[in-house]
Amino acid sequence: MSATRKHLNRREFFSYLTVAWVAFGAACAGMASLAFRFSYPNVNFEPEMEFLAGTPDMYEEGVDERYKNGFGVWMVKQEGKLFALSNICTHLGCIPNWLPAELKFKCPCHGSGYYTSGINFEGPAPRPLERYKINLTAEGKIKVDKTKLYRYEKGQWDNPNAFLSV
Amino acid sequence: MREFINWMADPIRSFPVVCVLFFLMMKYYRIVGTKKFLYLALAFIIPTAIWFGSDPNFFTILILPDNIPIIILLVLVGYLQWFTLYKSAENDKRIEAGLCPIEGLPENREKVWCWPNLVYTELFCIIAATCFLVVWAIIFKAPLEEPANPTWAPNPAKAPWYFLGLQEMLVYFDPWMAGVVLPGVVVVGLIAIPYIDTNPKGNGYFTIMERPLAMWGFLFGWLVLWIYLIIVGTFLRGPNWTFYGPFEYWDYHKVVAEYNVNLSEFLWIKGLNTSMPQNMFLREILGIVVSLGYVFVLPPMMAASKFGKGMIEKIGNMRYYILVMLFLLMMSLPIKMVLRWLFSLKYIVALPELELNL
Ligand code: FES
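Residue numbers (this note's numbering), protein chains in the order written: chain R, 4 to 169; chain P, 7 to 364.
Warning: the hint list may mix true and false statements.
[Said to hold, decoys possible] Quick list of in silico lysine-lysine cross-link-like pairs, DSBU-like style, CA-CA up to 30 Å:
id	chain 1	residue 1	chain 2	residue 2
1	R	K80	P	K260
2	R	K84	R	K107
3	P	K117	R	K107
4	P	K342	R	K149
5	R	K107	R	K80
Quick caveat, the hints were computed from the structure, so don't treat them as lab data. All values reported here derive from a predicted model rather than from experimental measurement.
From just these sequences and the hints, can you work out the full model?
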C-alpha cells in the first residue's frame with residue numbers, strides 16, 4: 004500500500020496551492036464584476052432627472068399635476084412664483100397625494116400633510132417638501148433639473164434657481 | 007352606540023382604555039385566570055365580534071386576505087394570554103401555600119428522549135404547517151395590482167401586517183427613531199433578556215407573583231405597545247392614514263384638523279413671545295436638555311431611590327443600567343404618543359438641518 008502512494012514534496016505542494024489561490028481569486032473577481040455589472044441595468048425605468056416642462060404661460064395659479072406621474076414633480080404657481088416641488092415625502096419617502104378640495108398634499112403612509120407651498124404642517128414629516136432647480140431655456144421653455152435640491156430649512160428656497168418669477 | 011364606539015376607538019381615548027384594561031388584568035389576574043372568567047368573556051366577545059362583523063364596511067376590512075392572519079393572531083394572543091394568567095394563578099396559589107409549582111411536581115419532571123418524542127412532534131408540525139399554507143394559498147389569492155410606479159403610492163399604503171405596529175409608531179416619530187433605532191432596540195433588547203435577567207425564579211413554570219416586574223414590563227410592551235398598535239394600524243387606519251372608527255365608512259375626503267407644533271415653537275413663540283433664535287442648537291435647547299435629562303439623569307436618580315438600590319444589589323450596576331435604558335426607550339413611545347395627543351407636539355428636538363428629530 005505505502006509503496007504505491009507518492010507523497011507531495013514541498014515545492015509541488017506550493018505550486019498546487021498557488022494554482023488554487025489564483026483560481027479562487029479569479030472566481031471571486033468574476034463574481035464581483037458580475038455583481039457590479041448587475042447594478043447598472045441596461046434599461047432604466049426611472050423618471051428622467053432633467054426634463055422640459057412646457058412654457059410658463061401653461062400654468063394656472065395653484066398645483067399642476069401634469070408632470071407628477073411621469074417625472075415625480077408638481078409644478079406649483081403661487082404668489083408670482085413658479086416652482087417644481089418634489090413628490091417625495093420627507094418623512095419616509097412615500098408619495099403624497101394632492102387633495103384639491105382641502106388644498107394640501109397628504110401622505111398615505113403616516114398621514115403627513117403639506118400646504119401648497121410644500122411646508123409641512125401635520126403628521127410626522129420633519130421638514131417641508133424639497134424643490135428642484137428650475138430655469139428657462141433660451142427658447143423660453145421651462146427646464147427642471149431634479150439633481151439639484153433646494154431645502155427650506157436651510158434657507159435655500161430664496162435661491163434664484165429654485166423658482167421662476169411669472 | 008355605534009357613534010360612541012367610533013368615538014372611543016380613536017387612539018386618544020382607546021390607548022388609555024387599553025392601558026387601564028391591561029392594569030386591571032394584571033392586577034386581578036387571579037380572577038381573569040379562571041375558567042369561569044374565560045367562559046363569561048367568550049359569551050361577551052363572540053356576540054360583540056358578530057355585531058362588529060355585521061357592519062358591511064368593517065366586514066370588508068376584516069376579510070381582506072392581508073387581515074385574516076391578524077384576526078387569527080388576535081384570537082391566539084387572547085387565548086394564550088388567558089392561559090398564562092390561568093397557569094400563573096394556579097401556581098401562585100400553590101406557592102403561597104408553600105408547595106412547589108405544578109410544573110415542578112415529580113410526575114411533570116420526568117425526562118423523555120428527544121427522539122422520538124420531540125422529533126415526531128416537530129415533524130407533524132412541519133407537515134401541518136405546510137398543509138395549512140397550501141390551503142391558504144389556494145383559498146386566498148394574492149391581489150394583483152398595477153405595475154410598480156415610482157411616482158405613485160397606494161392609499162392607504164400599508165406595510166405587511168406584522169409591521170403595522172411599527173408603521174403606527176412612525177406616525178409619532180422621525181423615521182430614524184421609529185424605523186431604525188426603536189426596532190433595533192426591540193431586537194437587541196429581546197436578545198439581551200437572558201443576560202440581564204439572571205433571576206432563576208419562573209424558569210420553566212408560570213408565575214406572576216414571583217416575577218412581577220418582568221411580567222408587567224414585558225406584557226405591557228407586548229400587548230399594549232405591539233399588539234394594540236397592530237390592531238389600530240390594521241383595522242382603524244384608512245386612506246391618508248386617517249383614523250376611522252370600526253363603524254365608519256372609509257371616506258377619502260375625511261378631513262381631520264391637525265396642526266403639529268415643535269417643542270421649540272412652544273418655548274420661543276408661545277412661552278417667551280419672541281421669534282425663534284437663529285442658531286439651531288439654541289433654538290432646540292429645551293428639547294435637548296429634556297431628552298438628555300431623560301436618558302442621563304433619570305437612570306442615576308432611579309438608582310438612588312430605594313427601589314433602584316434594591317435592584318442594583320440584586321443584578322449589579324451594569325445590568326441595572328442596561329435594563330433601565332431599555333425600559334426608558336420603551337416608555338418613550340407611549341410618552342410621545344400622549345404628548346402628541348394632548349399638545350399636538352410634533353418633535354421634542356427638531357433639527358431637520360441634521361436629519362435629527364426626536
Ligand atoms: S412617509 Fe409620508 S408620512 Fe411617513
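Hints, one by one, checked against the model:
1. R:K80 - P:K260: OK: K80 of chain R and K260 of chain P at ~26 Å, within 30 Å.
2. R:K84 - R:K107: 18 Å, holds
3. P:K117 - R:K107: 66 Å, violated
4. P:K342 - R:K149: Distance ~35 Å between K342 of chain P and K149 of chain R Cα, so the pair is violated.
5. R:K107 - R:K80: 14 Å, holds
Of the hints listed earlier, those the structure fails to meet are numbers 3, 4, in rising order.
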